[in-house]
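> Single-letter residue listing:
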Amino acid sequence: MIAALRRALARLASLFTRSADDRELDEELELHLAALEAEHLRRGASGEEARRLARQELGNLTELREAHRATRGVPLLDSLWRDLRAAVRSLRRDAALTTSALLIVGLGIGASVTVFSVVDALLIRPLPFADADRLVWIANGESDNLSAQTTQVRNLQELREAARSFDDIAGFSPFYGVGDVRLTGDDAPERVTLVPVTAGFFPLLGVRPTEGRFFTADEARWGAPRTVVLSHGFWQRRYNGDPAVVGRGIVLDGEAATIAGVLPPTFDFAATFTPGRPADLFEPFPLAPETNRRGNTLALIGRLASGATLEQAAAEAKAIAGRFPVGREGDHRRNKLDPNLSPLRIRVAGAFRFGIGVVAAAVGFLLLLICANVSNLLLAKGATRRREMAVRAALGAGRGRLIRQLLVEGAVLATGGALLGIAVATLAIGMIGSLQGTAIPLLQDVRLDRSALLFAVLATAVTALGTGLLPALQISTTSPQAALADGGRGSTRAGGRLRRALVMTEMAVVCVMLTGAGLLTRSLINVLRVQPGFDPSGVVTVRVDPDASYRTVAEQVAYFDALLEQVLAVPGVETAGLTDALPFGNNFGWRRWNADLPGQEQEDGPKPLVRLIDGDYFHAMRLSLLTGRAFTRADDATAEPVVIVNEPLAQLLWPGRDAVGQRLRSSGVIRQVVGVVSEARYFSLEQASGPEMYFPMRQSPHFQVIDLVVRTPEGASTIAPALMTALGRVDRNLPAMTVRTLTRLMDDTLFTRRSIALLVVGFACFGLLLASLGLYAVIAYAVAQRRQEIGVRMALGATPGAVRRQVLRETLALAAAGMAVGIPAAWLTSKAIRGLLFGVTPTDPLTAVAVLSALVVVAALAGLIPARHAARVDPISALQSG
Amino acid sequence: MGETRSDILQGTLDLMVLKTLDQEGSLHGYGLAHRIESLSDNLLRVNQGTIYLCLVRLVQKGWISSSWGRSENNRRAKFYAITRAGRKQLRAETDNWARIAGVMAKLLSATGARP
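Note that the protein sequences, when read in sequence, are chains B and V. Once you know that position 114 of the first sequence is 221 in our numbering, the rest is easy, because the numbers rise by one and skip nothing. Once you know that position 61 of the second sequence is 653 in our numbering, the rest is easy, because the numbers rise by one and skip nothing.
Simulated from the structure, these hints should not be mistaken for lab results. Be aware that one or more of the hints could be misleading.
[To be verified] If we take Cβ atoms under 7 Å as the criterion, some of the chain B residues that face chain V in the derived model are: (1) Arg-113; (2) Ala-117; (3) His-139; (4) Leu-165; (5) Leu-171; (6) Arg-172; (7) His-175; (8) Arg-179.
Cβ atoms here follow ideal geometry from the backbone N, Cα and C, with glycine treated the same way.
Same shape as in the complex, but just chain V (with noise of 0.2 Å):
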C-alpha cells in the first residue's frame, strides 16, 4: 500500500536534505528545498511542505540542529546545520544506499535477460 512507498520516499527525502546540507552548509527550508529541486529534478515539485516533517524528524533525531538567523533579504529565517551524528548517520545511509543499488542494478538487469 502507500505505506511502503511513503517510507521510502521519507527515507530518501531524509539523505537527500543531510547530504544537501553536508555539501552546503547551514540553509532555510526554502534554501534546502529550492537546492533539492535543482539537484532532483521533479521529484520534490509537487510538495515542497514535505521537507518540514522530514527536517522536524531529523532535528528531533539529533542529526541536524537548527537556529534563528536572518535570510538574504534580511527576513527573520529557521536555519538548518548538520550535525556531527548526522555526519556519521549520512555516511552509513550512503554505504546502505550504494549497496542497495548496486544490489538493484544487479536485480533489474538480471530480470531483464529473461526471454
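So here's chain B without its partners, still in its complex pose (with noise of 0.2 Å):
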C-alpha cells in the first residue's frame, strides 16, 4: 500500500524531471554497454564483434528507453498530451465544424453561466448579512404587497417583549419615496431619499458602521435631534468618502440633523428590501405614542433565538398577537397583527424565484440541444474518420485510447467554447448589474465570481462528456473490419440509428422550449392587452406634494388651485388632476378604509381601497364615470361629505340598485355618494384592484404624496420644459422631479413577465435553430452516404421529384417522431408554469398547432436542400463512383 502510494507519487514527481531521468539512464546504459563490451573483448572477440554483442545482450535501446520513460512516469498523462495535440490539429483541419462547435457551446456556456450568476445572487448565495439564515421576515397577513404587510408600533414592541423564539425583532417604514426629502445646508442642495429605521434594525442586520456610530436609545426617542446615517454609495457620491463629515450639521426639508455614521459598501438596502428605490440616508423611526398613532408603519424583521426553529417562532408569534387586545371590544386605536414568518432569503427573492427557475430550466434544456447537437457534429465526422479509425485500430492502437482521443476531441471543443463563453457571461453580467431600477431584487449583486466559475467548469465538463462520449462509444462498438471492408462509405447502420435518436430527441426538447416560449408570449399579449380602466397613454406625471411650508388645509388647498390653474394654462395641456395613488406608481395606493352602510357597521366589512383625487383626474386618465357626476371646487370642507364608488364597491353595498345617491360611513364620516366610476387596476395589469372609493382632497387632506396627472397629445420631453416653468411660477422649491409617463410606469411593472417571456422565446428559438442544423446534418449526410442507392433507383426510372419528395418524408417523419414525443413532454411540463401564465391554460391549442406548424416548417427547410441534392444526383457518376 503504502510502496504503491511512494510509486505514484514518485511516478508524478518524474514528470518534472523528465530530461535529467532520461540522461542519468543514458549514462547507465553507456557504461553498461562499454563494461559488457570490456567483457566481451576479456573473451577475445575483436573489437566490432565485441560492441555487437553488447547491443545484443543489452536490448533494443530506444524501445528500453520508452519502457524506462513509461515505468517511471505517468504514461496516462503522456498520452493524454499527445491526444491534446492530435485533437487539435483534428479540429483544426475541420475549421468551419469546429468553428461552429465553438460558437454553440460558446454560447450556450455563456447563456447558462450569466443565468447561474442570477440565480445564484437570487437564491443560493447568503444575504449580505451576518448569520442570514437566522433573519426572518415578519409579515401582517398574506398580502403581497409590502406596503401592506406593515405592522402598527405597539404591535412590534409587544411581540418583541413577549417573544422567546427571538433575539430580537427590528423594522424600517417602507414608506419612503425617492427623492422625498430636500438636502440643503452644506453643499448644493438636493433631493435625496431618507428611510426610517428602528434603532434595532442595523445591530439586528449584523451590520456595522465603517465611519462614526448607528443610532443610540436616545436619538430614536420620539422629539429628539435628528440624526442620520449615510448610506456608503451616498457618502462617496456627495461627501468624497470624507471620514470627516461624522458630526457635520445638515438641514433636511428645513430642520437640522447631525451625521452620525457611515454604512459599510456590502450594505445595500434597497437591492435586499426595496428593489428599485435605492435610499442615500437612514434615520430612527421612535417607537413611540406618536408614531403609534399612524397605524401600521413597519416591516418587520426578525432574529431567530439560537435552537428555535421558524415554525416554533411562527406559532409563538401567533399565539401572542392573538392575546392583543383588538376589534370592538379592544382598543379601536389598534390594529390587528396576523403575523406570517418566512425566511428574509425567501421573502428577499419573493416572486422572481419561480420566474428564475423558469428561465433556468430553459437553459437546461438549451444546454441540452446544444450537448446533443455539438454531439451529432462529432458523430458526422466521425464518420467519415471511420477509416482513419480503423486503421489506427488495426495498427494496434487500443480501442480504449481512440475513445479517449474522442473524449479529448469533446473537452477540447467544450474547453474552447466555455473560454468564449465566459466572455459572453462577463459581457451579460456587466449588462444585468448595469439595470438599475428594476423591481427584480440582488440584480446589483450579480457578478461572476467563484462559484460562477465552478459552474461554468462543471456545465464545461458535462458538455465535454455529453458531445464525445456518443461518438466514442459509437466508433468503438464497430470492428475495424467492417469499417475497412466497407471502402470508406461506411456501414453505420449504428452510427446513424444513433443519431437519428439525437435528433429525435432534439426535436422533443425544442418543442418543450417552443410551448413554454409560446405560453408566455401569450400570456404577456394577454397581460398587454388587459384593459386598466384608464387610458395610460398620453399622460404625465410629476410628483408634486406641498412642503411643510404650507401648514393648514387652506394653504394646501390654495397651493392646489394655483397649480391646477397655472398647469392648464400651458399650452398642449388638455386637461390635468391631482391623485394621491397614481396607479403603478407604488405609493399609498395600499391603504384601506372600512365602508359600511350607515348603523350597519360590521367588523369584516367591505374595505374599499381609498384615493384622494382633485382637479379633473378622471378625464385626465380616462376613467370613465358611468353614472352620477364628478366632484367639484365645490366638494370642500364646509360641504357635505361625498364619495365616488367604483363598480365593484356599488355592486357589493348597493346590489342591483343604483349607488348615486345612497350614503356611506367611512373612518366615523358618513358620506353621500355622488358617482360610480369603472374599476382601475392599480398595483398591476395581471390584478384586479377590486372596491375602490374616492375622496375630494378637499374633504379628507390624509394625503401623503401628491402626483399631478396630466392629458397631453405632446411627448413627455416635449412638454416637460413648460410643465416645469409653470410649477416653478406656483413654488420656486417645488422640486425639479422627472416627468414620468404613465405608459413607462406601466411598462415597468410588466419588467419581469416581459424579461422572462424575452428570455424563454430567446432560447427557444436559438434551440429551434440548433435542432434544426442537427436536422439537417443527419439528413445530409444520409444522402451522401446513399448516394448509389438513389443513383441505382434513378436509373431504374425513379423521377426526380420521387427522390426529393421521398427525402423530405424521411425528414418529416424524423421531426414527426420527435413531436410526438414532444407535445405531451411540453403539456407536462408547462404545468409547472402554470404560475406564470395569464388567460392561457398548459395545454393551450392554439400554442400547440403553432409550435408544430412552426416544427414542420423548419423541418421542411432542413430537408429542402438535401432533398434537392438528392434529385440532382447523376445516376452515371454516382454508379461509377462506386
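Since each chain sits alone in its own frame, please combine them into the complex, following the hints.
Right, dumping it as C-alpha cells:
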C-alpha cells in the first residue's frame, strides 16, 4: 500500500525531471555497454564483434528508453498530451465545423453561466448579513404588497417583549419615496431618499458602521434632534468618502440634523428590501405613542434565537398576536396583527424565484440541445473518420485509446467554447448589473465569482462528456474489419440510428421549449391587452406634494388651485388632476378604510382602497364615470362629505340598485355617493383592484404624496420644460422632479414578465436553430451516403421529384417522431409554469398548433436542401464512383 | 497471453534483484546484471536492459535506494542498495516464493503420477 503510494508520487514527480532522468539512464546504459564490451574483449572477441554482442545483450535501447520512461512516469498524462495535440490538429482540419461547434458551445455556456449568476445572487448565496439564515421576515397578513404587510408600533413593541424565540425584532418604514426629502445646509441642495429604521435595525442585521456609529436609544426617542446615517454610495458621491463628515450638521426639509455614521459598502438596503428605490440616508424611527397612532407603519424583521425554529417562532408570534386587545371590545386604535413568518432569503427573492427557475430550466434544455448538436457534429465527423480510426485500430491502437482521443476532442471543444462562454457571460453580467430601477432584488450583486466559474467548469465538463461520449462509443463498437471492408462509405447503421435518435430528442426538447415560449408570449400579449380601466397613453405625471411650509388645509388647497391653474394654462395640456394614489406608482394605493352602510357597521365589512383626488382626475386618466358626477371645487370642507365609488364597491354595497344618492360610512364620516366609476387596476395589469372609493382631497387631506396627472397629446419630453416652468411659478421650491409617463410606469410593472418571456423565447429560438441544423446534418449525411442507391433507383426510372419527395418524407417523419414525444412532454412541463400564465391553459391548443407548424416548416426547410441534392444525383457518375 | 508471463518474470526479477543487493551490498546496474547472470545461468542473457526497468520500479516503491558513485575503473556510476523496507519485502517474498514453490512441486509431482 505504502509502496504503491510512494510509487505513484515518484511517477508524478518524474514528470518534472523527465530530461534529467533520461540523461541519467543514458549514462547508466553507456557504462553498462562499455562494461559488456570490455568483458567480450577479454573473452577474445574482436572490437567490432564485442560491440555487437554487447548491444545484443543489452537489447533494443530505444524501446528500453520508452519502457523506462513509461515505468517511471505517468503514461496516461504522457499520452493525454499527445491526444490533446492530435485533437487540436484534427479540429483545425475541420475549421468550419470546429468554429460552429465552438460558437454553439460558447453561447450555450455563456447563457447558462449568466443565468446561474442571477440564480446564485437571488437564491443560493447567503444575504449579505451576519448569520443571515436566522433572519425572518414577519409580514402582517397574506398580502404580497410590501406596504400591506406592515405592523403597528405598539404591536412590534409587545411582540418583541413577549416572544422568546427571537433574539430581537426590528423594522423599517417602507413608506418612503425616492427623493422625498430636500437636503440643504452644506453643498448644493439636493433631493435625497431617507429611510426610517428602528434603532435595532442595523445591529439586528449584524451590520457595522465603517465611520461613526449608529443610532443611540436617546436619538431614537420621539422629538429627539434628528440624526442620520449615510449609505456608503451617498457618502462617496456627495462627500467623496470624507471621514470628517461624521458629526457634521445638515438640513433636511428645513430641519437641522447631524450625521452619526456611515454604512459599509456591502450593505445595499434597496437591493435587498426595496428594489428600485435606492436609499441615501437612514434616520431613527421612534417607537412612541406618536408613531403608534399612524397605524401600520413598519416592515418587521426578526432574528431567531439560537435553537428556535421558524415553526416555533411562527406559532409563538401567532399566539402572542392573538392576545392583543383588538376589535370592538378592545382598543379601537389598535390594528390587528396576523404574523406571517418566512425566511428573509425567501421573502427577498420572493416572486422572482419562480420566474428565475423557469429561465434556468430553459437554459438547462438549451445546454442539452447543445450537447446533442455538437455530439451530432462529432458523429458526422466521426463517420468520415471511420477509416482513419479503423486503420489505427488495425495497426494496434487500443480501443481505449481511440475512445480517449474522441473524448479529448470533445473536451477541447467544450473548453474552447467555455472560454468564449465566460467572455459572453462577463458581458451579459455587466449588462445585468447596470440594470437600475428594476423590481428584481439583488441584481447589483450578480457577478462572475468563484461559484459562477465553478459552475462554468461543471457545465463544461458535462458538455465535454455529453459531446464526446456518443461518438466515442459509436466508433468503438464497430470492428476495424467492417469499416475497412466498407470502402470508406461506412455501413453506419448503428451510427445512423444513434444520430437519428439524437435528432428526435432534439426535436422533442425544442417542442418543450417552444411550447413554454409560446405560452409565456401569449400570456404577455394577454396582459398587454388588459384594459386597466383608464388610458395610460398620453398621460405624464410629476410629484408635487406640498412641503411643510403649507401648514393648514386652506393653504394646501390654495396651493393645489394655483398649481392646477398654472398647469392648465400650459399650451398642449388638455386637462389635469391630482391624486395621492397614482396607478403603478407604488405609493399609497394600498390604504384600505371601512365602508359600511350607516347603522350596519361590521368588523369584517368591505374595506375598499382609498384614493384622494382633485382637479379633473377622471378626465385626465380617461377613467370612465358610469353614472353621477365628478367632484367639483365646491366639494370642500364646508360642503356635505361626498364619495365616488367604483363598480365593484357599488355592487357590493347596493347590489342591483343605483348607488348614486346612497350613503356610506367610512372612518366615522357619513358620505353621500355622487358617482360611480369603472374599476382601475392599480397594482399591476394582472391584478384587479377590487372595491375602491374616491374622496375629494379638500374634504380628506390625509395624503402623504401627491402626483400631478396631465393629459397631453405632446410627448413627455416636449411638454416637460413648459410644465416645470409653470410649476416653478407656483412654488420656486417645488422640487425638480422628473416628468414620467404613465406608460413607462406600466411598462416597469411588466419588466419581470417581459424579461422572462423574452429570455425563454430567445433560448427557444436558439434551440430551434440548433435542432434544425441537427436535422439537416443527419439528412444531408444520409443522402451523401446513399448516393449510389439513389443513382440505382434513378437509373431504374425514379423521377427526381419522387426522390425529392422521399427525402422530404424521411425528414418530416423524423421530425414527427420527435414531436410525438415532445408535445405530451411539453404539456407536462407547462403545468409547472402555470403560475406565470395569464389567460391561457398549459394545454393551450393554439400554442400547440403554432409550435407544431413552426417545427414542420423548419423541418421541411432543413430537408429541402438535401432533397434537392438527392434529386440532382447523376445516376451514371453515382454508379461509377462506387 | 504474454502479459502473464512477463508478470511472473517481473516478480521473479524483482525478487532476484532484492536478494542480490541484500547479499552483495551496493552494486551498479552492470554489476547487478553480471551477478544475477552468473547466478541464474542464461535467464537474463537475452536482454539485460530489462534490469533497469526493474530498478526504477523498486526505487519508486522505496525498496532500494540509488546514489551516484565511482565504478571499478573510476567512471561515474549509479549504485543501488537495498533499504529496510526492501529487506522486509524480501523476507515476505521469500516466504511466499517458498510456499508457491512447495505447492508447485507437490502439484507437479501429483500430476506426474497419473497413468
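> Taking the hints in turn, state whether each one holds.
Comparing the hints with the structure gives:
no.	hint	result
1	Arg-113	5 Å, holds
2	Ala-117	4 Å, holds
3	His-139	4 Å, holds
4	Leu-165	5 Å, holds
5	Leu-171	4 Å, holds
6	Arg-172	9 Å, violated
7	His-175	6 Å, holds
8	Arg-179	5 Å, holds
Figure legend: structure checked against the earlier numbered hints; the only hint not met is number 6.
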